[in-house]
Amino acid sequence: MIIPLLKGLATTLRHVFTKPITLQYPEEKRQVAPRWRGHPELTINEDGGRRCVACTLCMVVCPSNAIKGIEAAEGQEHEKYPVAFTIDLTRCIFCGFCQEACPKGAIKLNNLYELAQYEKSLLILDIDRATQKKSELRMADWL
Amino acid sequence: MVNLTIDGRAIQATKGQTILEVADANGIFIPRLCYHPALKPIGACRICVVEVKPGPPRPLPACATPVNEGMEVVTNSERVLKIREELMKLVLINHALECPICDKGGECELQDLTHALGVDQVDLEAVKLAPNHDYESLFVERHPDRCVTCGRCVHVCRDHVGAMAINFMHRGYFTELGSGQLPLDCEFCGSCIDICPVGALINKLWKYRARAWEVEKTETVCPFCGGGCTYELHTKNDRILRVRNEKSILLCSRGRFGFPVVEAPDRLKTPLIKENGEFREASWDEALDLVAAKFKEVAENAGPNAIYGVGSARATNEANYLFQKFFRQGLGSNQVDNPGRYTYIRALRGLASVFGVPQVSGVEASSAALLPYHSPLKLGAEAQGSGFPFVLGHFDDLPKADLVLVLGADVTPEMPPLGWKLLRALDNENCRLVLANPRRTKFDRYAHVSLRYKPGTERILLAGLLKAFLADNPEWTPAISATGLEELKESLKKVGPKEVSQKTGVDDALIKETAALLAQAQAPAILCGTELLAQDKGEQNVQALADLFLLIGKPGIPGSAVYPVAEKNNSRGVCEAGVMAEHLPGYAHLDEAAGGTPLPEMLDKLEAGDPAAPQALYLLGGDLLRAVPHRSRTEKVLKKAGFIVVQDAFLTDTAKLAQVVLPVTVHAEQEGTFISSDGTLGVLAQAIPAPGVRPDWQIINQLGEKMGYKLGAGHPQQIFRELAQSVPLWAGLSPKASYPLMPGTVSGTFIPFDVDLSLPGRRPYTLIVGKALNHSGTFTTHAPDGTLKLMSEATLQLNPEDAQNLGLSNGETAKVISSQGEVSLPVALAPEMPAGVVFLAEHFAEPPVHLLTLNSNLVRVTIQKG
Ligand code: SF4
Ligand code: SF4
Ligand code: SF4
Ligand code: SF4
Ligand code: SF4
Ligand code: FES
Numbered sequence: 001m002i003i004p005l006l007k008g009l010a011t012t013l014r015h016v017f018t019k020p021i022t023l024q025y026p027e028e029k030r031q032v033a034p035r036w037r038g039h040p041e042l043t044i045n046e047d048g049g050r051r052c053v054a055c056t057l058c059m060v061v062c063p064s065n066a067i068k069g070i071e072a073a074e075g076q077e078h079e080k081y082p083v084a085f086t087i088d089l090t091r092c093i094f095c096g097f098c099q100e101a102c103p104k105g106a107i108k109l110n111n112l113y114e115l116a117q118y119e120k121s122l123l124i125l126d127i128d129r130a131t132q133k134k135s136e137l138r139m140a141d142w143l
Numbered sequence: 001m002v003n004l005t006i007d008g009r010a011i012q013a014t015k016g017q018t019i020l021e022v023a024d025a026n027g028i029f030i031p032r033l034c035y036h037p038a039l040k041p042i043g044a045c046r047i048c049v050v051e052v053k054p055g056p057p058r059p060l061p062a063c064a065t066p067v068n069e070g071m072e073v074v075t076n077s078e079r080v081l082k083i084r085e086e087l088m089k090l091v092l093i094n095h096a097l098e099c100p101i102c103d104k105g106g107e108c109e110l111q112d113l114t115h116a117l118g119v120d121q122v123d124l125e126a127v128k129l130a131p132n133h134d135y136e137s138l139f140v141e142r143h144p145d146r147c148v149t150c151g152r153c154v155h156v157c158r159d160h161v162g163a164m165a166i167n168f169m170h171r172g173y174f175t176e177l178g179s180g181q182l183p184l185d186c187e188f189c190g191s192c193i194d195i196c197p198v199g200a201l202i203n204k205l206w207k208y209r210a211r212a213w214e215v216e217k218t219e220t221v222c223p224f225c226g227g228g229c230t231y232e233l234h235t236k237n238d239r240i241l242r243v244r245n246e247k248s249i250l251l252c253s254r255g256r257f258g259f260p261v262v263e264a265p266d267r268l269k270t271p272l273i274k275e276n277g278e279f280r281e282a283s284w285d286e287a288l289d290l291v292a293a294k295f296k297e298v299a300e301n302a303g304p305n306a307i308y309g310v311g312s313a314r315a316t317n318e319a320n321y322l323f324q325k326f327f328r329q330g331l332g333s334n335q336v337d338n339p340g341r342y343t344y345i346r347a348l349r350g351l352a353s354v355f356g357v358p359q360v361s362g363v364e365a366s367s368a369a370l371l372p373y374h375s376p377l378k379l380g381a382e383a384q385g386s387g388f389p390f391v392l393g394h395f396d397d398l399p400k401a402d403l404v405l406v407l408g409a410d411v412t413p414e415m416p417p418l419g420w421k422l423l424r425a426l427d428n429e430n431c432r433l434v435l436a437n438p439r440r441t442k443f444d445r446y447a448h449v450s451l452r453y454k455p456g457t458e459r460i461l462l463a464g465l466l467k468a469f470l471a472d473n474p475e476w477t478p479a480i481s482a483t484g485l486e487e488l489k490e491s492l493k494k495v496g497p498k499e500v501s502q503k504t505g506v507d508d509a510l511i512k513e514t515a516a517l518l519a520q521a522q523a524p525a526i527l528c529g530t531e532l533l534a535q536d537k538g539e540q541n542v543q544a545l546a547d548l549f550l551l552i553g554k555p556g557i558p559g560s561a562v563y564p565v566a567e568k569n570n571s572r573g574v575c576e577a578g579v580m581a582e583h584l585p586g587y588a589h590l591d592e593a594a595g596g597t598p599l600p601e602m603l604d605k606l607e608a609g610d611p612a613a614p615q616a617l618y619l620l621g622g623d624l625l626r627a628v629p630h631r632s633r634t635e636k637v638l639k640k641a642g643f644i645v646v647q648d649a650f651l652t653d654t655a656k657l658a659q660v661v662l663p664v665t666v667h668a669e670q671e672g673t674f675i676s677s678d679g680t681l682g683v684l685a686q687a688i689p690a691p692g693v694r695p696d697w698q699i700i701n702q703l704g705e706k707m708g709y710k711l712g713a714g715h716p717q718q719i720f721r722e723l724a725q726s727v728p729l730w731a732g733l734s735p736k737a738s739y740p741l742m743p744g745t746v747s748g749t750f751i752p753f754d755v756d757l758s759l760p761g762r763r764p765y766t767l768i769v770g771k772a773l774n775h776s777g778t779f780t781t782h783a784p785d786g787t788l789k790l791m792s793e794a795t796l797q798l799n800p801e802d803a804q805n806l807g808l809s810n811g812e813t814a815k816v817i818s819s820q821g822e823v824s825l826p827v828a829l830a831p832e833m834p835a836g837v838v839f840l841a842e843h844f845a846e847p848p849v850h851l852l853t854l855n856s857n858l859v860r861v862t863i864q865k866g
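These protein sequence lines map, in sequence, to chains A and B. Once you know that position 131 of the first sequence is 131 in our numbering, the rest is easy, because the numbers rise by one and skip nothing. Once you know that position 829 of the second sequence is 829 in our numbering, the rest is easy, because the numbers rise by one and skip nothing.
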C-alpha cells in the first residue's frame, strides 16, 4: 500500500520543478492568439487616417445590431469617409462578421479582452473611441 | 395570339411583344443589361441573347426580337451561357469596381447581373482608360469609368426628355459617355441618372447620404406643376434624400431636385401675429383665438359677406373643400374664389361658354365598402355626361392625336409631362405638330409648321385660321353637333383679308397650310398654356380656341381633345372643390344673385372703398402679390382690407401684409389629394413629420370649432368622401384614375369673338411675363439647395440684335419701364426671342415683375441701359 503513496508523491515532486501554469492575472496579462476575436475597431492607415469609406456593409452584416449610425461625408478629393460611426460593445457578440464583410480592411477585431466597465455607456464607442489606438495590451503583430 | 415555347414551355403571347417581354410575363428570367421597360429596345449589350428556332444560326437578342408563331426559344443553352459570361467579362474589364463608395451599390443592375451570371474572375486585360469624372455639372455627377455603354441615358434624354444633351464619344472599347468634355448644359431633369443601370450618373443631392437599402419609400404626388407626376420620396431619419419615379423614370428638374424646399431655412414653424407692425411668434391657440374673435367681430358688425376667402391651387382638394365649407356653411356666404381667376378659370369659362357646363346623370351611390380616396358614387348603367369636361383630354391619350396645335404655350416649362407626351405623339410619323408662339420654344425643332405671331394677336390668328379653313371647306360639318356656325362665319367677315397677316405677322401661306392640316386631321388636339390664359382677354382667347375645336375636333376619338395647362398642382382641384364665387363643389352653379364676388371684382371693390368690400381676408396660401398683375395696385388694395389671415408655408410678400400668419404643411408632410391638369386623382401620403406646423384642413377645422361651426372634419379621407359625394362628375373615381369615367356627349355653340389686339400703349418692346423651366410659381424659389441653383434670378431675355441696338451685352443691367412701373435686372441674350419682344420669368421676389404689368402678362415697355 506504500507504492501508490509513493507514486502520488513522485507526481507532486515532478510538478514542483516544472514551470507554474497559473497566470498572475491581472499583474500578468494573457497573450492571445493572433486570431483572437477581441472587440471590433476601426483601423487606420500609415498616415493615421481611417480606412473606412462608410459603405455600411459591416452594419448590414452585423447579426446583433452592434454597429449603428454610420454617416458619410464627401472629402476634398470627392472621397467618402465616415463622420459618425457607433460600435455598441454591449451588443457585440464578437463574431467577426464585420471584419469579414469589410471590403477595405477598415474594421477588425483586435486582441483586447478587458472590456468590463462600471459604466455601461463607456461600452458604446463613438467614431473616435472606436478608432484604433496604441495600447500596451496590443501584441506587436496584431495588424 | 402567338404560340411559342420558351425552354420547352408552351406559352401564348400577343403579337408584337418581344421574347424578353413574354419571358418576363411568364416568370422566365433572361439576363439583360441595356433593356429598360420604359424605353424602346436598345440592343446594345447582347447579354439577353437566346437561341431561336426557326431563325438564323446565331443567337438573337431577346429584348429586340418579336415573338412569332411556332417559335422555339432556348434561354439557357451552353452556347448562350458562354456568350453571356464572355460579354460580362468584357463589360467588367475596365469597370471601376468602387461598389463600397458608389451610390448605386445595392440597386446596381451590374452587381445583380454579375451575381446572377456567377462571374467572379476577369481573366482579360486592356489598356486603362482615363476616368474623366465630371464633378462640375449641377445635380449630376458623371463617372465614365463606371459606364457600361448601354445607351439608356442617351435614349431617355433624346427620345423622352427631348433635350439631346448627352451622347457617346469615340468608338468601340474607347466609347465614352459625354457632352464634349464640358459640364452639362441641359434641362437637368435627372432622368438619365435614374435610368442608368450602374453608378455612372449620380444624383448629387443623394450622393453619400444613404445606401439604397436604407431608405423608406413613400409614394406621393409632385407639387410643382399641374402634371401630377406620381413619385416616391426616399426618406431616412425623417429627411427626404431623393425623389424617384420607378415606373416611367421621367421627372422634371423641379420634381426631382425641388424637394429641398421642404427643409428651406425660411419655412415658418410657428404662427405669427403682427403687433405694432412687427411679427411675433405665437402659439396656435393664441393665433386661432385671435382670428376667430376678429372674424366674429367683422361678421357681426358688417355681415358674413364682409369676410372674403381666397383658396389655393397649392392646397389639397380636402383643404379647399373645407375652406369653402367654412364660408358657405359656417359663415353663410359665398365670398370665396381662387387665384386661378387670372389663368385657369379663364380656360374653364371659355370652354364652358362653348361646350356648356358639366351635366351628369345616371350616377348612383356605391354600395361597395369604401376604400380610401374612392368616390362614394358609381356609374349607373345609364350614366351619361355632357359639357366641357368631356373635351378636356387625358395626357395618356395625347400620343394618339394625329395633329397637335400648340397655342401660346412653351410646353415644357409650363408642364413637362405634356412635353413628354407630345414627343410620344410625334413617334407617329403621320402626326403633325403646329406650333404657334411668339417665341421660338423647345418644340420648334419638331414642328411641321411654326406660326410666330406677334404677342397678343392670338384671336386674330385664330380668326385667320377659321377663315382660311372655312374658305377651303365651305361645306364642312363639324363632327360635334354644333349651332351658331353661320353667326361665326358672319362675325369672321369683319376680319379683312390682309388684316390677319399684317397684324399677326404670320404669312398667309402658313395659315393656309395649317388650315389644310386641320382639315385632314382625324384626331386633332389643341394645347394652350398660361401665356394665352394670363392675358386680360384670356377667356375670349379660349373661346376662340374652343370655336376652332368645335369646328375640327373629334371628341370620342382618343387623343382629340383640348389640353389647357393648369399651372399649379391643384389648379383644377381647387375649382372642382368649389372654391369659386359662382360654383359649389363639382361646378354646381349658383346664379348671379346668390354667387359671391370673383377675386378681381373684390379687389376693385376694395380699391373703390365700396361699402360691400370685404373687411377681412382669409388667404389659403399663394402669393397674390407675385401672381396677380399690377403689383403696386394689388399691394395698395390689400392693405385696405382691415384684417388679413394667411395660411402659408413661407412668409411671402402677401403674408407680410397679414395680421396673422398660420404655418402649414407641404406635400410630403400631409395626406390628401390633388387633381392634375388632365383630371387624374393624385393621392398624397405623409412621408415625414412636420413639427410645429399643421395641415390646412386641420387649421380650418380648428378655426371653425373656435367660431362654433360644426365642419366635422376628422381626416382627409373622410373629407374627400364628403367632397366626392357632391361631385357626380367624379363618379367611379379612384386613385390614379382620371375622370370623367362616364360616356359623354359633346355639343357646342360657336361664340363669335372680337379680334382686337389687346396690347395698348406705344412703347417699343413687348414684354411677355411667363414661366421658367426650373421653377414652380414662387414655391421653389425658397430652396437654396434645390432648383434655385439652376436658375437663381430672373433675367431679361432679349434678342441679340435688340440688345446691340440698346447697347446692352449679356449680364449687363437693363432698366425696363412700363406705364405702371420700372424694374432693373440683368440681360440674357436669347436668340429665340423675336425682335421687339422680351421675356421675363415671373417666379422671383426680386425684381417684382408684376410691377410692370397692368392686367395681363403682356405689356409694352421701354428698355434702357443701366
Ligand atoms: S463582431 Fe459581430 S457582433 Fe460584433 S460588431 Fe462585428 S459583426 Fe457585429
Ligand atoms: S464595412 Fe468597412 S469600409 Fe464599410 S463601413 Fe464598415 S468599416 Fe467602413
Ligand atoms: S439631366 Fe435630363 S436633360 Fe440633362 S442630360 Fe440627363 S436626361 Fe438629359
Ligand atoms: S451612363 Fe449609365 S445609362 Fe448611360 S450609357 Fe453609361 S451605363 Fe448606360
Ligand atoms: S413639376 Fe410637374 S413635371 Fe415636374 S415632376 Fe412635378 S408634376 Fe412632374
Ligand atoms: S438587354 Fe437585350 S441587348 Fe441589352
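It is possible that part of the hints are untrue.
Claimed, not checked - Below, simulated DMTMM-like cross-link-like pairs (lysine to aspartate or glutamate); rule was C-alpha separation at most 20 Å, straight line:
hint	chain 1	residue 1	chain 2	residue 2
1	B	Lys204	A	Glu77
2	B	Lys89	B	Asp123
3	B	Lys204	A	Glu100
4	A	Lys80	B	Glu136
5	B	Lys274	B	Asp653
6	B	Lys207	A	Glu46
7	A	Lys80	B	Glu98
8	A	Lys80	B	Asp134
Claimed, not checked - Far from chain A, some chain B residues (derived; all Cβ distances over 12 Å):
hint	residue
9	Leu97
10	Ile101
11	Asp103
12	Glu141
13	Lys207
14	Ala210
15	Asn237
16	Pro265
17	Gly277
18	Thr483
19	Val495
20	Glu635
21	Gly807
22	Val823
23	Glu832
Source of the hints: derived by calculation from the structure; they are not laboratory data. Built from N, CA and C at the ideal position, the CB exists for glycine as well.
Outcome of the hint check:
1. For the hint pairing B/Lys204 with A/Glu77, the CA-to-CA distance comes to about 15 Å; that is within 20 Å, so the pair holds.
2. The straight-line distance between the Cα atoms of B/Lys89 and B/Asp123 is roughly 8 Å, inside the 20 Å bound, and the hint therefore holds.
3. Taken as a hint, the B/Lys204 and A/Glu100 pair is broken in the structure, with Cα atoms around 31 Å apart against an allowance of 20 Å.
4. Distance hint between A/Lys80 and B/Glu136 is fulfilled; the C-alpha atoms sit about 17 Å from each other, no more than 20 Å.
5. Of the supplied pair hints, the one linking B/Lys274 and B/Asp653 holds, its CA atoms being roughly 14 Å apart against a limit of 20 Å.
6. Proximity of B/Lys207 to A/Glu46 is assessed by CA-CA distance (about 28 Å); at most 20 Å being required, the pair is judged violated.
7. With a C-alpha separation of about 11 Å, the suggested pair A/Lys80 and B/Glu98 falls inside the 20 Å cut-off, and the hint holds.
8. The hinted pair formed by A/Lys80 and B/Asp134 meets the criterion: a straight-line CA distance of about 16 Å does not exceed 20 Å.
9. With a least beta-carbon separation of about 10 Å from chain A, B/Leu97 fails to lie farther than 12 Å from that chain, contradicting its non-interface assignment.
10. With a closest Cβ-Cβ approach of about 4 Å to chain A, B/Ile101 is found to fall inside the 12 Å limit, against its non-interface label.
11. Its closest Cβ contact with chain A, about 9 Å, brings B/Asp103 to no more than 12 Å, contrary to its assignment away from the interface.
12. Not every C-beta of chain A lies more than 12 Å from that of B/Glu141, the closest at about 8 Å, which undercuts listing it as non-interface.
13. Residue-level check failed: B/Lys207 sits 7 Å from the nearest beta carbon of chain A, not beyond 12 Å.
14. Not every CB of chain A lies more than 12 Å from the CB of B/Ala210, the least distance being 9 Å, so the non-interface label is violated.
15. Distance to chain A contradicts B/Asn237 as a non-interface residue, since its nearest Cβ pair spans about 9 Å, not more than 12 Å.
16. B/Pro265, annotated as away from the interface, keeps every beta carbon of chain A farther than 12 Å; the closest lies near 20 Å.
17. Every Cβ of chain A is farther than 12 Å from the Cβ of B/Gly277; the closest lies at roughly 44 Å, confirming the non-interface assignment.
18. Under the 12 Å C-beta cut-off, the non-interface status given to B/Thr483 relative to chain A holds; the minimum distance is some 67 Å.
19. With a cut of 12 Å on Cβ distances, B/Val495 stays outside the contact zone with chain A, its closest approach being about 63 Å.
20. Every CB of chain A is more than 12 Å from the CB of B/Glu635 (nearest about 44 Å), matching its label as outside the interface.
21. No Cβ of chain A comes within 12 Å of the Cβ of B/Gly807; the nearest lies about 44 Å off, and the non-interface call holds.
22. Residue-level check passed: B/Val823 sits 39 Å from the nearest beta carbon of chain A, beyond 12 Å.
23. Interface exclusion of B/Glu832 from chain A stands, the closest Cβ pair being 36 Å apart, more than 12 Å.
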